[in-house]
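Student: Each chain, letter by letter, is given below.
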Amino acid sequence: MTTQTKVGHLKAEGLRMSYQRKGREPDVVLEDCSLDVEPGKLTVVMGASGCGKSTLAYNLAGYLKPDAGRMTLDGESITGPGSDRVLVFQETALWPWMSVNDNVMFGPVARGEMSDAEARQAALKLLERFGLRDFRDKYPGQLSGGMQRRAEIAQALINKPRVMIMDEPFRGLDEMTRELMQEYYMKLFEETGLTTLFITSELEEAIFLADRILFMGDTPGRIVRTIDVDLPHPRTFEVLDSPEYLALKREAMAQLYVGVEGLEELA
Amino acid sequence: MSAVEQDVKTIPPAGRATGRTLRPRRLARFVPGWRGTLSVVAFFVLWDLLVRWELGGFAHISSPLAVATAFVEGYLTSADYWMSWWASFQRVLYGFVAAQLLGIPLGLLLGTRPLLNGLFYPVIELLRPIPPLAWVPLSILFWPTTELSIIFITFIGAFFIIVINVHDSVRSIKKEHLWLAQSMGASPLLIFRRIIIPSVIPSIAVGMTLGIAVTWNVVIAAEMIASDSGLGRLTWEGYVSSTGPVVIIGMISIGLAGYLSTLVVDIVEKKMMPWRKGH
Numbered sequence: 001m002t003t004q005t006k007v008g009h010l011k012a013e014g015l016r017m018s019y020q021r022k023g024r025e026p027d028v029v030l031e032d033c034s035l036d037v038e039p040g041k042l043t044v045v046m047g048a049s050g051c052g053k054s055t056l057a058y059n060l061a062g063y064l065k066p067d068a069g070r071m072t073l074d075g076e077s078i079t080g081p082g083s084d085r086v087l088v089f090q091e092t093a094l095w096p097w098m099s100v101n102d103n104v105m106f107g108p109v110a111r112g113e114m115s116d117a118e119a120r121q122a123a124l125k126l127l128e129r130f131g132l133r134d135f136r137d138k139y140p141g142q143l144s145g146g147m148q149r150r151a152e153i154a155q156a157l158i159n160k161p162r163v164m165i166m167d168e169p170f171r172g173l174d175e176m177t178r179e180l181m182q183e184y185y186m187k188l189f190e191e192t193g194l195t196t197l198f199i200t201s202e203l204e205e206a207i208f209l210a211d212r213i214l215f216m217g218d219t220p221g222r223i224v225r226t227i228d229v230d231l232p233h234p235r236t237f238e239v240l241d242s243p244e245y246l247a248l249k250r251e252a253m254a255q256l257y258v259g260v261e262g263l264e265e266l267a
Numbered sequence: 001m002s003a004v005e006q007d008v009k010t011i012p013p014a015g016r017a018t019g020r021t022l023r024p025r026r027l028a029r030f031v032p033g034w035r036g037t038l039s040v041v042a043f044f045v046l047w048d049l050l051v052r053w054e055l056g057g058f059a060h061i062s063s064p065l066a067v068a069t070a071f072v073e074g075y076l077t078s079a080d081y082w083m084s085w086w087a088s089f090q091r092v093l094y095g096f097v098a099a100q101l102l103g104i105p106l107g108l109l110l111g112t113r114p115l116l117n118g119l120f121y122p123v124i125e126l127l128r129p130i131p132p133l134a135w136v137p138l139s140i141l142f143w144p145t146t147e148l149s150i151i152f153i154t155f156i157g158a159f160f161i162i163v164i165n166v167h168d169s170v171r172s173i174k175k176e177h178l179w180l181a182q183s184m185g186a187s188p189l190l191i192f193r194r195i196i197i198p199s200v201i202p203s204i205a206v207g208m209t210l211g212i213a214v215t216w217n218v219v220i221a222a223e224m225i226a227s228d229s230g231l232g233r234l235t236w237e238g239y240v241s242s243t244g245p246v247v248i249i250g251m252i253s254i255g256l257a258g259y260l261s262t263l264v265v266d267i268v269e270k271k272m273m274p275w276r277k278g279h
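As given, the protein sequences belong to chains E and G, one line each in that order. Using my numbering, read the first sequence as starting at 1 and increasing by one per residue. Using my numbering, read the second sequence as starting at 1 and increasing by one per residue.
Just so you know, these hints were derived from the structure itself, not from any lab. Quick caveat, the model's predicted, so the values are computed rather than measured. Here a beta-carbon is modelled for each residue, glycine too, at the ideal position from N, C-alpha and C. Just so you know, not all the hints are guaranteed correct.
To be verified - Not the full set, but computed from the structure, chain E residues with beta-carbon under 10 angstroms of chain G:
id: 1; residue: 61
id: 2; residue: 62
id: 3; residue: 98
id: 4; residue: 107
id: 5; residue: 112
id: 6; residue: 161
Stated by the list, open to error - Covered, in the sense of this in silico footprint (three residues per stretch, anywhere, with C-beta under 8 angstroms from a C-beta of chain E), are these stretches of chain G:
id: 7; region: 179-185
id: 8; region: 190-204
Between the sequences and the hints, there should be enough to build the whole structure, so can you do that?
Tutor: In structure tokens:
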């Protein structure tokens, strides 16, 4: 696939998001949270569990409405869910009652952009590419974890999104499958130049995938630091042995442990 | 790409493997091992001995042999006996089906429409704790025929169960499943048809399983109280006319009828959820 024109400029400015709780102070999850996803790049949001990463993703996808702040995609305001920014969820969100093929072809048919036959054809092409052709009539529950994730990526790609939002998509996979999926997504990204916002809490995954890492601080969540990752493309796991990788890792670790008490004594 | 393809090839298709192991297990339920056989034989021997010795209340109970003889001689080929089956089955069927037909849409409405939920759900909560049999007198007063009143009570037995099951399950649909469809630009109607309805099917199945059991309970009691036909009536008449074997023939028939209904419901449920086959 040739490199597309660079679209997918996802931007958020001053997001504030809180959950109301009965009889208590509202729980502020995001406060003054801003980010800028460069088109054609793979931007990783890295942060500890519970820092509001998923909330940020749900806002950008249009599932939740922020209390304050502004979000745009290629200059247009984000007001609700749309097929221009498909989110791949943490745990599998494939619909268990539909075959893999029906899951993948759902989007274009739902929007009336393709006939059933056209969508089936398009889905088949994607499934073939993702090594799932023989599994197209299976139900998601009959697939392995890694296959489910690939089906979900196919289900998102068929909509030709301008930006992919991946919310810890490989969490819960065993280590080997996880590494395969990272490699797999990296190849897909290098082939298509699909703008991606990738959320993770794993440092190694972050550095391996990222062109840029945004570190998210917690209570309330916001982006506190940006590190550019200049590791070369095409990227393979060999990069993990390079001195550049180790330097990045050290820099990132220092960032992650800022303010953790007792660390100075340990060091 | 190559590494991932390998991952695909090493994973066997799940459906076939599980399909094969299912059969022997299902057979095993019908063919008991030596422990099972022993326990059943011991049960009948003990029953027979207790009746022979006229121990306590057993003085008034028929022996297994008396029951079997009475069944073969007076019931197996008797049209009246089979009409009792038919009468009870009809009541269960009408009440059960009506409960599904009204209860499922109502549960969906109450689960998806906050306004309707606010207006009507409190009434459901209010009526639900009343046991179906407590409705018997009111039902007889209300409906013009006994038949209708029994069907109504049967209906009540399954109705609240299904409404509440469907309602709760609509409210606990995974939000990711709805969000994903919204991202894809699906209309509310399409989301209802292809996401909400299938999400609720497992709960409908649970409601059916619970409902069919309750329905049989209710129909038997209602027949004993108010009807002149059906398996419940047959059993009760056995008692009233002091014909011991009939009481037990009735009990066994009711047990068998309930069991057969459950089998049918099981088959219907499996057809409703083809994606659950391998689990």
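Student: With a Cβ-Cβ cutoff of 8 angstroms, does the region 179-185 of chain G contain at least three residues near chain E?
Tutor: holds (count 7)
Student: Please verify that hint: residue 161 of chain E, Cβ, nearest Cβ of chain G, below 10 angstroms or not.
Tutor: Hint holds; residue 161 of chain E Cβ to chain G Cβ min 9 angstroms, cut 10 angstroms.
Student: Under 10 angstroms, Cβ to Cβ, is where residue 107 of chain E needs to be relative to chain G, so tell me if that hint holds or is violated.
Tutor: This interface hint holds because 4 angstroms falls under the 10 angstroms limit.
Student: Minimum Cβ distance from residue 62 of chain E to chain G below 10 angstroms?
Tutor: holds, 8 angstroms
Student: Grab the minimum C-beta distance from residue 61 of chain E to chain G and call the hint holds if it beats 10 angstroms, violated otherwise.
Tutor: Where the cut-off is 10 angstroms and the nearest Cβ of chain G is about 6 angstroms from residue 61 of chain E, the hint holds.
Student: Holds or violated: is there a CB of chain G closer than 10 angstroms to the CB of residue 98 of chain E?
Tutor: With a minimum Cβ separation of about 8 angstroms from chain G (threshold 10 angstroms), the hint on residue 98 of chain E holds.
Student: Hint check: is the beta carbon of residue 112 of chain E less than 10 angstroms from a beta carbon of chain G?
Tutor: Since chain G brings a Cβ to about 9 angstroms from residue 112 of chain E, closer than 10 angstroms, the hint holds.
Student: Taking beta carbons only, do three or more residues of the region 190-204 of chain G come closer than 8 angstroms to chain E?
Tutor: holds (count 6)
The structure meets every hint from the earlier list without exception.
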